[in-house]
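Novice: Since chain A is already given, all that's left is putting chain B with the ligands on it; use the hints.
Which chain is which? The protein sequence lines are A and B, in order. Be aware that the first sequence starts at 1, since it is given in the working numbering, and climbs by one per residue. Be aware that the second sequence starts at 1001, since it is given in the working numbering, and climbs by one per residue.
Since the hints were made in silico from the structure, they are not lab data. Predicted model, so just to flag it, every value in this text is computed and none were measured. Positions of the beta carbon are idealized from the N, C-alpha and C atoms, including for glycine. It is possible that part of the hints are untrue.
As the list claims (entries may be wrong) - Below, computed lysine to aspartate or glutamate pairings styled on EDC-like, alpha-carbon distance capped at 20 angstroms: (1) A:Lys78 x B:Glu1011; (2) A:Lys19 x B:Glu1256; (3) A:Lys135 x B:Glu1256; (4) A:Lys75 x B:Glu1256; (5) A:Lys71 x B:Glu1256.
Stated by the list, open to error - Short, incomplete list of chain A residues facing chain B, as computed with Cβ under 7 angstroms: (6) Arg54; (7) Val82; (8) Leu101.
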Amino acid sequence: MESIITTENLTKIYRGSIKAVDSLTVQIRKGEVYGILGPNGAGKTTFIGMLTTRVTPTSGRATVAGLDILKESLKVRKRIGVVPQDLTTDEDLTGYENLKLVSRFYDITANEANRRIDQLLNMVQLQKHSHRRVKTYSGGMRKRLELIVGLVNDPEILFLDEPTLGLDVNTRMQMWEYIRDLRKRLDVTIILTSHYLEEIDALADRVSIMDNGKILVTDTPSNLKNSMKEDYITITFASPDDLKLGEKFFSNNEKRFSGINTLRVKVPNSDETMPDLINYFSSHSVKITRITIQKPTLDEVFLEYTGRSLRDEERGDARKSMFTIGRLRR
Amino acid sequence: MSGLIPLTSRELIRWYRNPVSLITGLIQPFFWIALFGSALGRFPTIFLQGAPNYITYIIGGVLSITSVFTAMFSGVNIIFDRRLGPLGRYLSSPIRRSSIVFSKIFSSTLRILVQVAILIFAAMILPNGLRFENGFSLFDSAVLITAVVLLALIFSSLFSIIAIRVTRMETIFGILNLVNLPLIFVSYAMFPPGIMAGWINSIAKYNPVSWSSEAIRTVIINGTLTGSQLANVGLWLLYLTILAASLIILTYVISERGIRD
Ligand SMILES: Nc1ncnc2c1ncn2[C@@H]1O[C@H](COP(=O)(O)OP(=O)(O)OP(=O)(O)O)[C@@H](O)[C@H]1O
Ligand SMILES: [Mg+2]
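The following block holds chain A by itself, in its conformation from the complex (with noise of 0.2 angstroms):
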């Protein structure tokens, strides 16, 4: 597959020597949707900020579109989309006012770029809100906003760096709609940082695990997923008869536990499992009245690279989304 963006040996240092992005050779394939899990400083941030020319690399090359983000930064700004973390619009001007002065910074007429802004107005549902000046949007409508002046040039790579980070779920699972239809309806390749699991799962073609600086693994998320083998299964029986013959079946496996009437097994593969213990369950008669097939998720897989759990890092996302209201307000 043709990569689109490539990074070779790619590092930041900041002053105080802290390696933010520690020699990172990636590839990033046309049309993909590229997601980077990694909890709070792991260099997501500063990784997309040499890629969109914004933060200068330490050492190293990247190529964006073809193009080299040192020598080549000005084109490389023409034909991408970013939406960071922190807020960018000006809270003085409209919604419509805003993304008619990013318009003008692209080579656009401005009967195309009315076309488009209408289009994207439209499609993140903010045309009824948008000659209100930005400061009086909620935190979901601004979040909306920002996604589409990221995409009023029509870009070929849309840089998204947390584009959830501190919504409520509802408008959490609207954004990604929109962006899966940004996906369907426009040839975009999508680079997207999140510390949501649910987000990567839901979104990302393939995903890299960062920590530290470091990519960790990259693959799909449901190979890292597989790669698990921990599948656990969930069985309630009808009687504790049911249950000696359940566990019967189960009786090589260690990792087997029960409770009244149920049993809670870990195996490598479910769906492999699966077939053998109905037609077991049904050659001898068991009666059972519940069945839960729990398959591992990404947290899984970041605990095993990194040895620690994300949940516990969402935890923490409360305080930061706080902060981040508070940087926006001072």
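Specialist: Then chain B with the ligands, alone, in the frame of chain A:
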């Protein structure tokens, strides 16, 4: 310089939306005119280089100081774009970095011209206020506008350069506070050279605020200039031009090399 026109119009929209900032920028110079004008109303006119009253004498200084202050604050204005986010957007857009800075410099110059017009009008309607006893020609107004604009360019460039490199707000406001009093009082903006201590006088000569104040003062008091007055005014404007041009070039080079995010 793509981006310069859209960004300048953004600055003007913001300005038009916040008329309060225009008014607050005028309160201080207005007080100077009114307060100094009446408190020092019986200032011995022999020190006033031929001005009929103190307001006529200081108006050149007040206009210069207004220009300096408005320019300094628009120069450092970039720190608010950095803090509130828009700078990040501009830095990842295909525009020249310098257009971000020059949009502030140009819009502040426009703003200063409006303030100057309002202040002149105010000084004229005050009792015992600004009087053009020897007339005020087109040439005189060109001198006035040139001096004010050059001074604005000097100080907005200078403070843009600081704001491009320094990201800490405290440091920038520290610098602003440190320089504003010396700029006013170690200059010929408010007081005639004749009543100044010798050492202040010798420093004040090199203060661009003095060059602008004296140039404006000369045309306001005299109307039609003698040969030597003309030579002086020409020299002051030349100094201002050289300084403004150098600082604009420096601002261009430094901003193109990168604006701290
Ligand atoms: N401008 C800067 N100066 C110094 N250090 C920085 C700067 N920006 C980031 N860092 C440091 O670099 C590291 C990576 O930061 P970065 O913002 O890239 O992480 P991130 O993965 O985006 O985190 P988050 O999820 O919190 O957004 C952190 O240790 C951070 O403190
Ligand atoms: Mg980040």
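Novice: Of the numbered hints stated earlier in the document, which are not met by this structure?
Specialist: 1, 2, 3
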